[in-house]
Amino acid sequence: MFQSPLWRRRALLLLIAASGAGLVPGWAGAKPRIEKAADLPRFSYAISGKLEDIVRSPERFAPLAAQIRRDTNAVLDGYDIPDKATQRGLITTLALLDFLDGRYADAQRRAASLRALEDKPADKLLAGLRLEVMSRAAAADGLNTEAYRKAVEAGLTQALAGMPYPLIANDIKEAKAGVELIGEALVLGRPREVWQPIVDASGKLSSDFAPGLVGVRFALVATLPLKATLVDTYGRYLAAHQVTKADIWAARDVALPPGRPYTPVRIAVWDSGVDTALYGPQVLRDAQGRPALIAFDKYSRPASGELMPLPPALRARLPQMAARTKGFSDLQSNIDSPEASAVKQYLSTLPPDQYKPAIEELGLAGNYEHGTHVAGIALAGNPYARLVVGRIEFGWTLKPDPCPSVEQAEADAKASQAYVDFFKREGVRVVNMSWGGSVKGVESDLEQCGIGKTPEERKTLARRLFDIGAQALTHAFASAPDILFVTAAGNSDSDASFVEDIPAGIVLPNLLAVGAVDQAGDEASFTSYGPTVKVDANGYQVVSNLPGGERVALSGTSMASPQVANLAAKILALKPAMTPPEVIRLIVETADTSADGRRHLINPKQALTLAGYH
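If you're matching positions, the sequence shown starts at 1056 in the working numbering and goes up one per residue.
Take the hints with a grain of salt, since some may be wrong.
Claimed, not checked - With a straight-line Cα cutoff of 25 Å, these simulated DMTMM-like cross-link-like pairs (lysine to aspartate or glutamate) come out:
hint: 1; residue 1: 1454; residue 2: 1512
hint: 2; residue 1: 1259; residue 2: 1114
hint: 3; residue 1: 1259; residue 2: 1094
hint: 4; residue 1: 1660; residue 2: 1644
hint: 5; residue 1: 1139; residue 2: 1548
hint: 6; residue 1: 1105; residue 2: 1161
hint: 7; residue 1: 1139; residue 2: 1090
hint: 8; residue 1: 1589; residue 2: 1548
hint: 9; residue 1: 1282; residue 2: 1161
hint: 10; residue 1: 1589; residue 2: 1090
hint: 11; residue 1: 1259; residue 2: 1107
hint: 12; residue 1: 1589; residue 2: 1511
hint: 13; residue 1: 1105; residue 2: 1408
hint: 14; residue 1: 1454; residue 2: 1108
hint: 15; residue 1: 1508; residue 2: 1107
hint: 16; residue 1: 1300; residue 2: 1391
hint: 17; residue 1: 1399; residue 2: 1416
Claimed, not checked - Quick list of the computed label-pair ranges, beta carbon to beta carbon:
hint: 18; residue 1: 1305; residue 2: 1111; range: 36 to 42 Å
hint: 19; residue 1: 1345; residue 2: 1653; range: 43 to 49 Å
hint: 20; residue 1: 1461; residue 2: 1345; range: 33 to 39 Å
hint: 21; residue 1: 1604; residue 2: 1357; range: 27 to 33 Å
hint: 22; residue 1: 1458; residue 2: 1650; range: 44 to 50 Å
hint: 23; residue 1: 1345; residue 2: 1367; range: 23 to 29 Å
hint: 24; residue 1: 1393; residue 2: 1473; range: 41 to 47 Å
hint: 25; residue 1: 1201; residue 2: 1458; range: 47 to 53 Å
Since the hints were made in silico from the structure, they are not lab data.
These numbers were taken from a predicted model, which means no experiment stands behind them.
We treat Cβ as the ideally placed atom computed from N, Cα and C, and that holds for glycine.
Model the full structure from these sequences, guided by the hints.
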């Protein structure tokens, strides 16, 4: 229910998402402090008719926009919100509303203010920049005139020219990919297929979803008309800087040679399944030669098979699905390949009635491929690693399936303990988990499923259901003190503890959360962070296997976490008597801290040297 794979296809994040909705005066006295994302106030908006008609019509959109502006301001003015990501989301909503209302000076001011709320070095330069340039151009030349387009092009070109290319390169590549993919069907897909059913059933939309309509209207009014200009501007900038960023990881990596008197170490990949045929002698097998495997389906019912079952029609399209995965990867790296061109053409020209099947198939393909890719990273360079498979079946449909319920939460809780009990029986020493979920995610699923009459009712129920799962996971991890659990921090560019992400936000002596950096050690734009995220590893365009064996680069904290699981297993091959807290301490203490103190880059060579490797 609360689990989903954590991989990063940043080019698909086309709309600006905001949590909450904003301008009324604050009240006297101390402001209530928001300690967790789930503590934010909720709002509900009465809506009739088609959302598509509302976002296309300035007259129909205006009353809803005024309510969202009012509530967003109420949250900003009335609450003490220490979390910068939440502040950024609220201010972004207001900045987009300002732009849509023709209040370009306000939009420019708010967009520029976002950079002061950033901590990541690249974001300190880039946050809000495009909106700031667009607002300045619209104020001077009017929206979507030829002079406006030229001013946007000139403004972005000038701003980017003064920035250090290595620091912002990945962000510009991803921005270009996102604009290349955007089309009207993608912009309107979620309003049509995800939010409209909620409105049809209840006549309302909560503040979890309604601010997204602001991003949709902005995309229709401002982004799509600028598509060619933005692609050309980003493309020229990248073409003028044909510089490959330095790769720090090859010099730090250590591949253990075979034939040494090292101890075999069992690693569990608790994920969407693994094509074990790719990993030969590294796969742990039983007396009958079968891979060590435990599996549950998405309803937490016992299942079988190393990979999730696919309908015959989809199985026949596996080569096409793999090609699209490669296309997304190439787009993110600004590689002009046939696969990248095909993905751009496919999604940017998608007919409206094909949005749902297209997005669901992409989600299914991602789930199917995820665990195999993660396993390849976890096992690399370690002939002493022995793979154990813990297969989860993630949901992939636009409407949650299953819908949240007490019964489902309790089934999930029992399954969590069953996985860990299996790992204990199999003698697993390291478990990698590149998945997660949050209490707000449960709340959003409840709304999509039509459960709960009001936001407050859904908030209460979501907390109950989430706590069942979170407590079960915590208990399961604690019941296996000899196993080191390594988890991805998350890909939402937020504080994992503030949003109560699990497993990343759980605090235990045998649990380590991992953030993502790129090949040069620069912080990934998507990576989450926070007090539980103790180290960072390469999670940007990491090459590994898809089912069947094709090698593709993917990005995400999903790819960073198994780098640390890999290192932990190598340490245990040398020093099998070490406990999980001791392994964590060695990894953390040998990591290299960046000058700004934000990144703690694992150093496998240094860690293994201290563990006795030579």
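Would you pick out the hints that fail for this structure and give their numbers low to high?
-> The structure breaks hints 6, 12 and 18; every other hint is satisfied.
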